[in-house]
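Student: Each protein sequence line maps, in turn, to chains A and B. Residue 0 is where the first sequence starts when you use numbering that gives the first Met the number 0, and the numbers rise one by one after that. Residue 0 is where the second sequence starts when you use numbering that gives the first Met the number 0, and the numbers rise one by one after that.
These are calculated hints, taken from the structure and not from any lab test. We put the beta carbon where it would ideally sit given N, CA and C, even for glycine. One or more of the hints may lead you astray.
[As the list claims (entries may be wrong)] The list that follows gives simulated cross-link-like pairs (lysine to aspartate or glutamate, DMTMM-like), each with its CA atoms no further than 20 Å apart:
1. K387(A) with D88(B)
2. K92(A) with E55(A)
3. K387(A) with E303(A)
4. K350(A) with E329(A)
5. K302(A) with E210(A)
6. K387(A) with D61(B)
[What the hints assert, rightly or not] Chain B is faced by these chain A residues, among others (derived, beta-carbon under 10 Å):
7. R111
8. S213
9. L214
10. E215
11. L386
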Amino acid sequence: MIGAAWTVLCKELRDALRDRRTLLTIVLSSVAVGPLVLVLLSTLVAGIEQQAESREIVVAGIEHAPTLRNYLERQTYSIRPAPGQFEQRLQDKRLGEPVLVIAEGFEAELARGEAPRVELVLSSANPRAQAGASRLARLLQGFAQEQATLRLAWRGVSPATLQAIEVDERDLASPAARAAQWTALVPFFVLMAVLYGALHAALDTTAGERERGSLEPLLLNPVSPLALVLGKWGAVAAVAMLIALLSCASFLPGQWLLRSETLAAMFRFGVGEGAMFLALLLPLAAALSALLMAIAIRCRSVKEAQANATVLVLAVSLLPLLTLFNQEGEAPWHLGVPALAQITLMGRVLKGEPIAAWELALPLMVSTVLAALCLAFVARSLRTAALK
Amino acid sequence: MIEVRGIARRFVQGHGRSARTVQAVDGLSWVAADGAISGLLGPNGAGKTTLLRIVAGLLAADAGQVLVDGIDVATQRQRALARIGVLSDARGLYPRLTALENIVYYGQLHGLSRAAAEARAAGLARTLQMEPLLPRRTEGFSQGERMKTALARALVHDPHNIILDEPTNGLDVPATRALREALRRLRDEQGKCIVFSTHLMQEVQRLCDPVLVMARGRAVAAGTVAELCAQTGHDDFERCFVQLAFGDAVEEGPR
Chain A
0 MIGAAWTVLC KELRDALRDR RTLLTIVLSS VAVGPLVLVL LSTLVAGIEQ QAESREIVVA
60 GIEHAPTLRN YLERQTYSIR PAPGQFEQRL QDKRLGEPVL VIAEGFEAEL ARGEAPRVEL
120 VLSSANPRAQ AGASRLARLL QGFAQEQATL RLAWRGVSPA TLQAIEVDER DLASPAARAA
180 QWTALVPFFV LMAVLYGALH AALDTTAGER ERGSLEPLLL NPVSPLALVL GKWGAVAAVA
240 MLIALLSCAS FLPGQWLLRS ETLAAMFRFG VGEGAMFLAL LLPLAAALSA LLMAIAIRCR
300 SVKEAQANAT VLVLAVSLLP LLTLFNQEGE APWHLGVPAL AQITLMGRVL KGEPIAAWEL
360 ALPLMVSTVL AALCLAFVAR SLRTAALK
Chain B
0 MIEVRGIARR FVQGHGRSAR TVQAVDGLSW VAADGAISGL LGPNGAGKTT LLRIVAGLLA
60 ADAGQVLVDG IDVATQRQRA LARIGVLSDA RGLYPRLTAL ENIVYYGQLH GLSRAAAEAR
120 AAGLARTLQM EPLLPRRTEG FSQGERMKTA LARALVHDPH NIILDEPTNG LDVPATRALR
180 EALRRLRDEQ GKCIVFSTHL MQEVQRLCDP VLVMARGRAV AAGTVAELCA QTGHDDFERC
240 FVQLAFGDAV EEGPR
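Chain B extracted, bound-state conformation (with noise of 0.2 Å):
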């Protein structure tokens, strides 16, 4: 379980006279519970990714507090870290070294003996159907060869909680199935806590239960798609989140 109390996060850009400020997350709460895939939706610009970097403990947030099955992240990064596998925007791989090479190494960061690691790594290629490119080097994968190495090495560890940022970023439509059928096996066959973050509202649709719609840093609603669209008077759950996601802007703005 992963709750989030009261984040908030700023940047500044630029230097000098031409420095302002951006307010990335603004007193955010929320929890995602086991056995759920909590849907994080939000448009580009959001900060999702920034929320998710403070939850994963790679950003000091300037208030609040992140906990990991209880555990301050703030205070215990790296056993916090030990119960979440992170599929990060960034997922670059190392392409001198095989699919199999590139779990292991981060399996044997995560304190697993190489045999460990490479069972893991066996039985996640099941899962993930993957298991042809274990011994390949990386270099040249496709999208989708890469979204799985990199998620396969997200969870050689086994984690109990899980967050996907824009995992399906790039993946055609085959690959999107198999990784929602992948997801949703963690969460019934597992009982894992699942966080999957993106700004496609068809992603959310079909595999969230949860869904927390994020809007300028700030919590704009909460619930499921259902509830979300009885909330807002639509059925259909593109303008249900066009309203919650740019609703204020649209009236507020100078246009």
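Here chain A stands alone, though its shape is the one from the complex (with noise of 0.2 Å):
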């Protein structure tokens, strides 16, 4: 039996690779998911710490205020001037910074102890601006504190009866859970790799063998079902973690793409991450290929079992969104879950965090079980399926 089982295997590998169009796409996209991911992420955080580091405010009227000039200018910020029409500009993200308008009475009014009116001019439906927005909040907020501080310290009272308590942040989150935020993406994507990798192959081997008609022949060999299943499976599963070696192996190099030097610093995937996400997706693997085939061998075409299969991708796709709506954050029975647990606990191999030998048990145990139930099924459903 093991030899019939070989014999299949090796013949269906070389179907497989034979298929060189559909492997190049499945290879290339699974290789390209890694270094692409990293550089979009990449650019995202480079722009928001670009914006961070820019210290550049943009004020109407500042010629009004050479008080709140001179105290900007000492916080070493450069003052550009708004531009002709910045509300529409602001309307039409062509602007990216929030605008502080100043009147014309600002000085006199300072002066006198008014407490003049500016203007911050912003629009929440500009994303860009609106983050800036917080930045300049704080600095005309310190510059009114500075303001009054002078102003208490002239009648000699002390600046301290202002502030009734003082308030101390302390960030819990590690260098890689911060990283994790934008690094969550990751695991998905190696995920749909992994699954779009076994798709085509179990789709071809049991729905394909059936619309070409070559089922029925192959049954007239002596040779049992069950046999020609592990074949089957050992051969799709070998192509399935192939995407996943590559799309793991992929992130390696993929690091000397990032542009943000935060997030390279951040974004910890070594030979270390790597082997223990392969440790996580091979099994996964296994099993996917195996449910691919149960649902594709009741099905008469490759078109009707996509079809059907669509159900399940889209599962797997969905699967993961739960450990990012979820405020519960994770709960003891995502690592019963074949797809959520390996999302789960590839995300807690990038933040960092250890994991304990029986959670890596009980999915590896989840996969067996659901690759021997597909098997079976497969093997037994073979004969009818030929017939039909």
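Both chains are given apart, each in its own frame, so use the hints to dock them into the complex.
Tutor: Shown next as structure tokens:
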């Protein structure tokens, strides 16, 4: 039986490898996914960093407020005069900074102690300008505080009377955990690459075999259906595992492409993380292969099987959203659900959190049971499928 | 030798109320002898393919027994299959593999080594006059080329019993003639037991020794073409076949 299964495996692998165009598409997309996601992430993060670093503010009417200008320049901010029609530009998102508008009598009112009014113009539909607004508000707050402190000091009152409490911030997230906010997408893309890698081969060896009319003659060989199924599954799982390997490996050189130094420092994906990813993905690749075969064996054509497999693809792509949308964090049952367990654990690998042995063993066991059930089902349905 | 003893098989079509039972094979007994090409003739839907699938162990019979060289197909399917080569109704090839690889794959599944299977494929290619096809991928093969490849694949393990289900479907005249010639050589030179199932009378007339005429799952007549003609009193085998296969139905039918 092992000999026959091996013969089937070799044939199916050769058949799959001959399908160059499909294989090339799958391999290219799975290898490109890693670097592509990283580049997108780094561009996003680099953009945010750049805005945080640029010490420039846009002000209309700064000539009316020399004291404020003095304060801003002491904070090492450079001042850019607002362009004409800045309101329209903000709405069109052509201007990425909020605009501070200062009225004519500002300096005189300030001198009289009358609390002059300034206007902070922004559009909450313009996210870039929105991000700069809190920074500008903080600056103005600082200026107001300085003025108030000076006045109190003039009257002989300690500035500490204004400050009833003091607040210290303490950020508990480690650098790896902070980066995981951005890199949470990585496990998802790796998982989808594995699923799409298995999809074509799984459909071709089952529904494809039915469609070609080659399943009936195949069953006329003196080989048990289980041996045939094991051979086919071996080939499909091998392709899926190859894709998993390529996809994980692509993140290693992908790190060189990171444009954001902060992200490069925070995105920890070395050989160790890659090996953990593989340890999680390989059993899942085997289980998903078997599940896809079980779905496809009931279908008479590859087209029909593709339509049916869409349900699985959709489920696998929606499951990880649970972890994104779930406010209560990780629940123990997550580790018992295939795909969700792997996403969760891969996320923890990226955050640098430890993973207990049982947490690895549970998804492995679930994958094994799932694969065994699906293979038994395919072996049982093979003969009926051949004749219909 | 293939012995069929009292085989019966029903199918249920549809579900629930609209379900109806079709008796595809109805208590059929028959022997296909060694050193002969036995014809299995019947109109479409007579139950030929069902019968052959039961002989090949793809379907279980509701009643009866099939012996291939004395081996019971139902209980020792794999041993029996090792002694049969089947060219079934479905004869799909793997389009990305060459004809040689398609044939060798089946040889290996029959337990041959790669070298032995390749040698056997080369020999079959000579017999079937398909040597130029061997190194080509089967994608884009003509019907005749496909049939030859499928036949070589079915015969790769040199089976003593050969079952051909409508082998001339889609073949042109030269290909049909070449197939007939090859089958005669297998019968005369190696004494094989060959079963040739078809709905075409001309094929049976040209090739088969004894003929079993099937209709509605039952054996309605058996004998050589000459004996069948004598039995019905027709000189023309076509009229003889029509009477044997449809005679009762025409009388009983509502028309």
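Student: Does each hint hold? Answer for all of them.
Tutor: The hints, checked one at a time:
Only pairs whose Cα atoms come within 20 Å are accepted, and K387(A) paired with D88(B) is accepted, the gap being roughly 12 Å. Under the criterion of a C-alpha separation no larger than 20 Å, the hint pairing K92(A) with E55(A) is consistent with the structure, at around 18 Å. At roughly 15 Å between alpha-carbon atoms, K387(A) and E303(A) fall within 20 Å of each other, so this suggested pair holds. The straight-line distance between the Cα atoms of K350(A) and E329(A) is roughly 14 Å, inside the 20 Å bound, and the hint therefore holds.
Restraint check for K302(A) and E210(A): satisfied, since their Cα atoms lie roughly 10 Å apart, inside the 20 Å limit. Among the hinted pairs, K387(A) with D61(B) is consistent with the structure: their alpha-carbon atoms are about 18 Å apart, no more than 20 Å. Proximity of R111(A) to chain B is violated relative to the hint, the smallest CB-CB distance being about 89 Å (cut-off 10 Å). Annotation: S213(A) was flagged as interfacial toward chain B, and the flag holds, the nearest CB pair being 3 Å apart, inside 10 Å.
A least Cβ separation of about 8 Å between L214(A) and chain B falls short of the 10 Å threshold, and the interface hint therefore holds. Taking 10 Å as the C-beta cut-off, the interface hint given for E215(A) holds, the closest approach to chain B being about 4 Å. Annotation: L386(A) was flagged as interfacial toward chain B, and the flag holds, the nearest CB pair being 6 Å apart, inside 10 Å.
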